[in-house]
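This is what each chain is made of:
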Amino acid sequence: MANYLVQRLIQTILILFGIAAITFLLLYLVPADPAVQIAGRSATAQTVANIRRELGLDQPLATQFLRYLGGLIHGDLGRSYAQKTEVMTLIAARIPATITLMVAGIAAELAIGVTLGVIAAVRRNTLLDRIVMIASFTTISAPQFLVALLLLYVFAATLGWFPMSGFGSPAHVVLPALTLGILGAGWYARIVRSTMIDVLNQDYVRTAKAKGVAPLRVVLRHALPNALLPVVAMIGIDIGQFMAGLVVVEAVFGWPGIGQLAWQAIQQVDIPIIMGVTLVSALAIVIGNLLADLIAPFIDPRIRLR
Amino acid sequence: MRVFRELLRRPLALFGVVIILLVLLLALSAPWLAPYAPDEQLFEGLSLEGAPLPPNAQFWLGTDTLGRDLLSRVMYGARTSLLIGLVANGMAVTLGLLVGMTAGYARGVVGAILMRFTDLMMAFPALLLAIVLAALLRPSLWIVALVIALVNWVQVARIAFTETSALAERDFILAERSLGAGHARIVGLHIAPHLVSTAIVWGTLGIATTVLLEATLSFLGIGVQPPEPSWGNIIFESQSYFTAAPWLVFFPGIAILLTALSFNLVGDALRDILDPTQRGRG
Amino acid sequence: MKNWLRSTVFATMVALTPLAASAQQPQKGGTMTVTFKDDVSTLDPAVGYDWQNWSMIKSLFSRLVDYKPGTAELVPSLAESFEVAPDGLTYTFKLRPNAKFTNGRTITAADVKYSIERAVDPKTQGPGAGFFGAIKGHEDMQAGKASELPGVVAVDDRTVRFELSRPDATFLHVMAINFASVVPKEEVEKAAGDFGKKPVGSGTFKLADWTIGQRLVFERNPDYFDKGLPYLDKFVIEVGQEPLVALLRLQRGEVDVAGDGIPPAKFLELKNDPAYKDQIIQGDQLNTGYVTLNTRIKPLDDVRVRQALNMAVNKERIVRIINNRAVPANQILPPLMPGYDKEYKGYAYDVAKAKALLAEAGLKDGFSTVLYATNTDPQPRIAQAIQQDLSAIGVKAEIKSLAQANVIAAGGTEGEAPMIWSGGMAWIADFPDPSNFYGPILGCAGATQGGWNWAWYCNKDIDARATAADAMSDPAKAGERAKVWGQIFTDIMKNDAPWIPVFNEQRVVVRSKRMGGDASIYIDPTRVLNYDALWIKQ
Numbered sequence: 013m014a015n016y017l018v019q020r021l022i023q024t025i026l027i028l029f030g031i032a033a034i035t036f037l038l039l040y041l042v043p044a045d046p047a048v049q050i051a052g053r054s055a056t057a058q059t060v061a062n063i064r065r066e067l068g069l070d071q072p073l074a075t076q077f078l079r080y081l082g083g084l085i086h087g088d089l090g091r092s093y094a095q096k097t098e099v100m101t102l103i104a105a106r107i108p109a110t111i112t113l114m115v116a117g118i119a120a121e122l123a124i125g126v127t128l129g130v131i132a133a134v135r136r137n138t139l140l141d142r143i144v145m146i147a148s149f150t151t152i153s154a155p156q157f158l159v160a161l162l163l164l165y166v167f168a169a170t171l172g173w174f175p176m177s178g179f180g181s182p183a184h185v186v187l188p189a190l191t192l193g194i195l196g197a198g199w200y201a202r203i204v205r206s207t208m209i210d211v212l213n214q215d216y217v218r219t220a221k222a223k224g225v226a227p228l229r230v231v232l233r234h235a236l237p238n239a240l241l242p243v244v245a246m247i248g249i250d251i252g253q254f255m256a257g258l259v260v261v262e263a264v265f266g267w268p269g270i271g272q273l274a275w276q277a278i279q280q281v282d283i284p285i286i287m288g289v290t291l292v293s294a295l296a297i298v299i300g301n302l303l304a305d306l307i308a309p310f311i312d313p314r315i316r317l318r
Numbered sequence: 074m075r076v077f078r079e080l081l082r083r084p085l086a087l088f089g090v091v092i093i094l095l096v097l098l099l100a101l102s103a104p105w106l107a108p109y110a111p112d113e114q115l116f117e118g119l120s121l122e123g124a125p126l127p128p129n130a131q132f133w134l135g136t137d138t139l140g141r142d143l144l145s146r147v148m149y150g151a152r153t154s155l156l157i158g159l160v161a162n163g164m165a166v167t168l169g170l171l172v173g174m175t176a177g178y179a180r181g182v183v184g185a186i187l188m189r190f191t192d193l194m195m196a197f198p199a200l201l202l203a204i205v206l207a208a209l210l211r212p213s214l215w216i217v218a219l220v221i222a223l224v225n226w227v228q229v230a231r232i233a234f235t236e237t238s239a240l241a242e243r244d245f246i247l248a249e250r251s252l253g254a255g256h257a258r259i260v261g262l263h264i265a266p267h268l269v270s271t272a273i274v275w276g277t278l279g280i281a282t283t284v285l286l287e288a289t290l291s292f293l294g295i296g297v298q299p300p301e302p303s304w305g306n307i308i309f310e311s312q313s314y315f316t317a318a319p320w321l322v323f324f325p326g327i328a329i330l331l332t333a334l335s336f337n338l339v340g341d342a343l344r345d346i347l348d349p350t351q352r353g354r355g
Numbered sequence: 239m240k241n242w243l244r245s246t247v248f249a250t251m252v253a254l255t256p257l258a259a260s261a262q263q264p265q266k267g268g269t270m271t272v273t274f275k276d277d278v279s280t281l282d283p284a285v286g287y288d289w290q291n292w293s294m295i296k297s298l299f300s301r302l303v304d305y306k307p308g309t310a311e312l313v314p315s316l317a318e319s320f321e322v323a324p325d326g327l328t329y330t331f332k333l334r335p336n337a338k339f340t341n342g343r344t345i346t347a348a349d350v351k352y353s354i355e356r357a358v359d360p361k362t363q364g365p366g367a368g369f370f371g372a373i374k375g376h377e378d379m380q381a382g383k384a385s386e387l388p389g390v391v392a393v394d395d396r397t398v399r400f401e402l403s404r405p406d407a408t409f410l411h412v413m414a415i416n417f418a419s420v421v422p423k424e425e426v427e428k429a430a431g432d433f434g435k436k437p438v439g440s441g442t443f444k445l446a447d448w449t450i451g452q453r454l455v456f457e458r459n460p461d462y463f464d465k466g467l468p469y470l471d472k473f474v475i476e477v478g479q480e481p482l483v484a485l486l487r488l489q490r491g492e493v494d495v496a497g498d499g500i501p502p503a504k505f506l507e508l509k510n511d512p513a514y515k516d517q518i519i520q521g522d523q524l525n526t527g528y529v530t531l532n533t534r535i536k537p538l539d540d541v542r543v544r545q546a547l548n549m550a551v552n553k554e555r556i557v558r559i560i561n562n563r564a565v566p567a568n569q570i571l572p573p574l575m576p577g578y579d580k581e582y583k584g585y586a587y588d589v590a591k592a593k594a595l596l597a598e599a600g601l602k603d604g605f606s607t608v609l610y611a612t613n614t615d616p617q618p619r620i621a622q623a624i625q626q627d628l629s630a631i632g633v634k635a636e637i638k639s640l641a642q643a644n645v646i647a648a649g650g651t652e653g654e655a656p657m658i659w660s661g662g663m664a665w666i667a668d669f670p671d672p673s674n675f676y677g678p679i680l681g682c683a684g685a686t687q688g689g690w691n692w693a694w695y696c697n698k699d700i701d702a703r704a705t706a707a708d709a710m711s712d713p714a715k716a717g718e719r720a721k722v723w724g725q726i727f728t729d730i731m732k733n734d735a736p737w738i739p740v741f742n743e744q745r746v747v748v749r750s751k752r753m754g755g756d757a758s759i760y761i762d763p764t765r766v767l768n769y770d771a772l773w774i775k776q
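These protein sequence lines map, in sequence, to chains A, B and C.
The numbering used here puts the first residue of the first sequence at 13, with every later residue one more than the last.
The numbering used here puts the first residue of the second sequence at 74, with every later residue one more than the last.
The numbering used here puts the first residue of the third sequence at 239, with every later residue one more than the last.
Source of the hints: derived by calculation from the structure; they are not laboratory data.
All values reported here derive from a predicted model rather than from experimental measurement.
Be a bit skeptical, because a hint or two may be false.
[Claimed, not checked] Partial list, derived from the structure: chain B residues whose beta carbon lies under 8 Å from chain C:
(1) E117
(2) L119
(3) A185
(4) A208
(5) Y314
(6) T316
(7) A317
(8) P319
[As the list claims (entries may be wrong)] If we take Cβ atoms under 10 Å as the criterion, some of the chain C residues that face chain B in the derived model are:
(9) P481
(10) L482
(11) V557
(12) N562
(13) P566
(14) N568
(15) T614
(16) D615
(17) P616
(18) R619
(19) K638
(20) A643
[As the list claims (entries may be wrong)] Here chain C is said to cover these stretches of chain B; the calculated rule only asks that three of the stretch's residues, wherever they fall, bring their Cβ under 8 Å from a Cβ of chain C:
(21) 209-217
(22) 290-299
(23) 304-312
Don't be surprised by glycine CBs; every beta carbon is placed ideally from N, CA and C.
So that you can see chain A by itself, here it is in the shape it has in the complex (with noise of 0.2 Å):
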């Protein structure tokens, strides 16, 4: 199990070093000069030249990777151009935000989502069961902004229950949590279904029910427990596509997480933050698939540890 970890610690960097020269060379590939964007409309031709010095960007891309490289192995992850400042500051600064978003989403996909499974399951084959799948397909073919701009007209604009965005109080996590669980949740009604009714037909649950355990106690205290595991497993998945998604709804919703940083960072190409953020989610991609392996063989007792 050790030997295990240290193996994916390892490739764990690999990957990370290898996002980070992708990314930086797509950066560099970019038509924008950063210093002609920070310098701004009243700059003299001399004064661009010294901020595109300053900054290294009239260096070789070689040296100029080099030297990030150098800083990252000492958790240096630059300064912001546009800003002036660490760009671990900028991120640090923002993380709460985006880390409240995500666990309030995982949070109302569960919700949502284990509820729907074990009702579909339940009651599998009939109506009820029916809908449930069409909805889960539904949702999951929805695109994220659509969804929150209905959540806000509806529940924001029109009756007024919610903040429209922002961040501060419980009830301006509501919406975009509830976005981000109405989308995920089909995922995981799909598996919670699917593994119940595995589960429900195996044998320890027919004895319980065969005992004459009430029917819903089966279900709660039998079956759901062994059905829970995959959805574990699956939330690792979610913090990456959470982690990727990250742009839009925090701009939709206006929420001071670091997609809201990436995104004003792209429109003045401020590379060292969209770096940053690039890598920070990578990160948590990362250790979101290293959580899903570690359940893997918990699951499915076939699949062993490399």
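Given the coordinates of chain A, assemble chains B and C onto it according to the supplied hints.
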């Protein structure tokens, strides 16, 4: 043919097929059926104060913020969405199959490098990558398709890799090899045919993902260039109006949802029919 | 011989006088809440250069001279008086004796010298270094050959002298620009490169708290040298707030000023609602939205083609698309700018004449070209409106709607962008002087790689006239100088037409019921929002 007949026997898949055919028909017939040109800014399409018009007898779905007919734009938008869906997803599936098959068959150093690269891409925050690329690479329809393909090939590659490595160890392949058959012949004749069902399933499911991704990029203003309509950029241009003119978000939104749903339904049914062992999230 | 000169603009002003009490008398106290969508990037006065942080920096720091709130009129600020030599090459400022930084230290002439040099120092990476180009030694310092400006001399604690290498009529405006803000050296050093997040100045307010991505809290500076200012005890900037949301919150009384204005969808609703009549303020600002016509790309290199394009754009319709929140423009300068030519009518909308001109240029069947625009609403929509107008005279313009940085890069690359719609990056003047609309965006110096003269317009004759106009540094001749400038801009449009001036965008602000003060301080020509002069009705 058997597959198709079985497909039509499932009500949900049938629903999907009908919707897909309908969208396809709308897209192809747009030049003849659309009441207006999609980029024609009509004087009577805006109120005197410059507000878009709600659905009415002249403009069935209303007008947008430039006074263009929304129905025509949604119809032409179907062309954009389907075109990107087919092209981008086609590229992604092809690339994924090539990488996966090569890695699975060659194994050794080549296979290891390819699969480590695939792992790396799995850890990439995909949408973030797509947004960065689309925003900074001077977007056009083809760039958007390329970006989507670059992001979406990974899953196909993994599945193709798993299937190919399993096949490559099977006796008949080993036998062919020992008989001195060329690699191209083995891959082409014996491995590729086994991956056809994978390609069909992913070719269908992937279109749903692609349509959603295109809509998302366009929604952020970094997708298809105006005035060419796409369902995503219609919503992007109307976003600030959505409380006052919800139809501008509602109609293209429904179009995106129905199209993605249909491809998902059909794809899922195909997976059931072609390969009952592969289920779940994919 | 030197003489203490009281210029016409300074004549009446000794200190900032409270606003004309036309409506009500300003009241002191209270906390105001302002919202913005984007986070504040930096509050370092040598670095900050966007319309949002511009007014916050103005209130955090003070400068030798400043503008009377709500006007473009220069008044002494940190300096209590000043003197200009007759040749216009020496400016001597006398500092107030009671001006202190918020860390308690008295401001001296050495602080002024340090601050200007810091703004010019390449290491600061400041975008405003070029404004100080007239000061002796500027070139050497920018080239990294010198570490100080010999042209800025701290004569004694309270006297600072500027020596110029050429007369510069805009020099007093330059002393009022944010980049000339006075900063305490010890605090800059203490912040270790993070002064933009930990600013210390001597303005009307000080920064009390900054939660990145959420809010900034500004508190009254009790030691501000003008005891009458500011009126507010405190103001809070909340960021990450969508304009639509901000507006709904304002209607509920949670927000006092929606910093990003009113979103288009709500604008009509509010404007037509009599209840909001007193809460909506709409006014002109120093802004022109324009399309650059690249004079070095065929067929736009033919002036007849550029004139034809000018006639082809239906500006009235474009103004309608943005809900009449702008006025059609016929020339480069906005109406508020000194030098605006009331006589000049520009190119009227005339499709037939435009077609005729194109035919004369040998382009009877039109031509294909590319129009760049930024990708934030409503800019792509305006570009599409322009595109449709051009197609009426046979000009097929492909739209490239890109991230702002990409548009700027394309504009600054020779031969790349035939046409650029300036919206979203539109020229809002740094200071209210017509020369600011020329140098970087129409002068030969701006027509370089990475420059902002996206029309790549370079007329040596006009350049010479511009230089001459800027040498007219005697403040008494300000009126005459404005006329000279006005003629320059009119001639540029008449003879060369390197732009299509489209509209002068107005600023629309909505405030809560309790906010007082004259409309002009909500659309301050030099500050956007003038935090110093805003006040709350008790």
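Results for each hint:
Annotation: interface hint on B/E117 violated; nearest CB of chain C at approximately 13 Å, more than 8 Å. Using the Cβ-Cβ criterion of 8 Å, the hint placing B/L119 at the interface with chain C is satisfied: the shortest such distance is roughly 7 Å. A cut of 8 Å between beta carbons decides the hint on B/A185: the least distance to chain C is about 38 Å, and the hint is violated. For B/A208, the interface hint holds, the least distance from its beta-carbon to any beta-carbon of chain C being 5 Å, beneath 8 Å.
The criterion of a C-beta within 8 Å of any C-beta in chain C is met by B/Y314, whose closest approach is roughly 4 Å, and the hint holds. Taken as an interface hint, B/T316 checks out: its beta carbon lies about 6 Å from the nearest beta carbon of chain C, inside 8 Å. Residue-level restraint check for B/A317 holds (minimum Cβ-Cβ distance to chain C is 4 Å; threshold 8 Å). The interface hint given for B/P319 is broken, as the beta carbon of that residue sits about 10 Å from the closest beta carbon of chain C, more than 8 Å.
Annotation: interface hint on C/P481 holds; nearest CB of chain B at approximately 8 Å, less than 10 Å. Restraint check, C/L482 versus chain B: the minimum CB separation of about 7 Å is within 10 Å; hint holds. Among the interface hints, the one on C/V557 holds; its C-beta lies about 8 Å from the nearest C-beta in chain B, closer than the 10 Å criterion. Interface hint at C/N562: satisfied, since its Cβ lies 7 Å from the closest Cβ of chain B, which is below the 10 Å cut-off.
Evaluation of the C/P566 hint against chain B yields a violated restraint, the C-beta minimum of about 14 Å exceeding 10 Å. The restraint placing C/N568 at the interface with chain B is violated, with a minimum CB-CB distance near 21 Å, outside the 10 Å limit. Against a cut-off of 10 Å between C-beta atoms, the interface hint on C/T614 holds, since the closest Cβ of chain B lies about 6 Å away. The beta carbon of C/D615 comes within 6 Å of a beta carbon in chain B, closer than 10 Å, and the hint placing it at the interface holds.
Taking 10 Å as the C-beta contact cut-off toward chain B, the hint placing C/P616 at the interface holds, the least distance being around 8 Å. Because the beta carbon of C/R619 sits about 6 Å from the nearest beta carbon in chain B, less than 10 Å, this interface hint is met. The closest approach between the C-beta of C/K638 and any C-beta of chain B is roughly 7 Å, which is under the 10 Å cut-off, so the hint is satisfied. Evaluation of the C/A643 hint against chain B yields a held restraint, the C-beta minimum of about 8 Å falling below 10 Å.
Coverage of the region 209-217 of chain B by chain C holds in this model, with 3 residues showing a Cβ closer than 8 Å to a Cβ of that chain against a need of three. A stretch counts as covered by a chain when three or more of its residues have a beta carbon under 8 Å from one of that chain; for the region 290-299 of chain B and chain C the count is 4, and the coverage holds. Remark: the region 304-312 of chain B is confirmed as covered by chain C, as 3 of its residues place a Cβ nearer than 8 Å to a Cβ of that chain, reaching the required three.
Checked against the numbered hints given earlier, this structure breaks hints 1, 3, 8, 13, 14; the rest are met.
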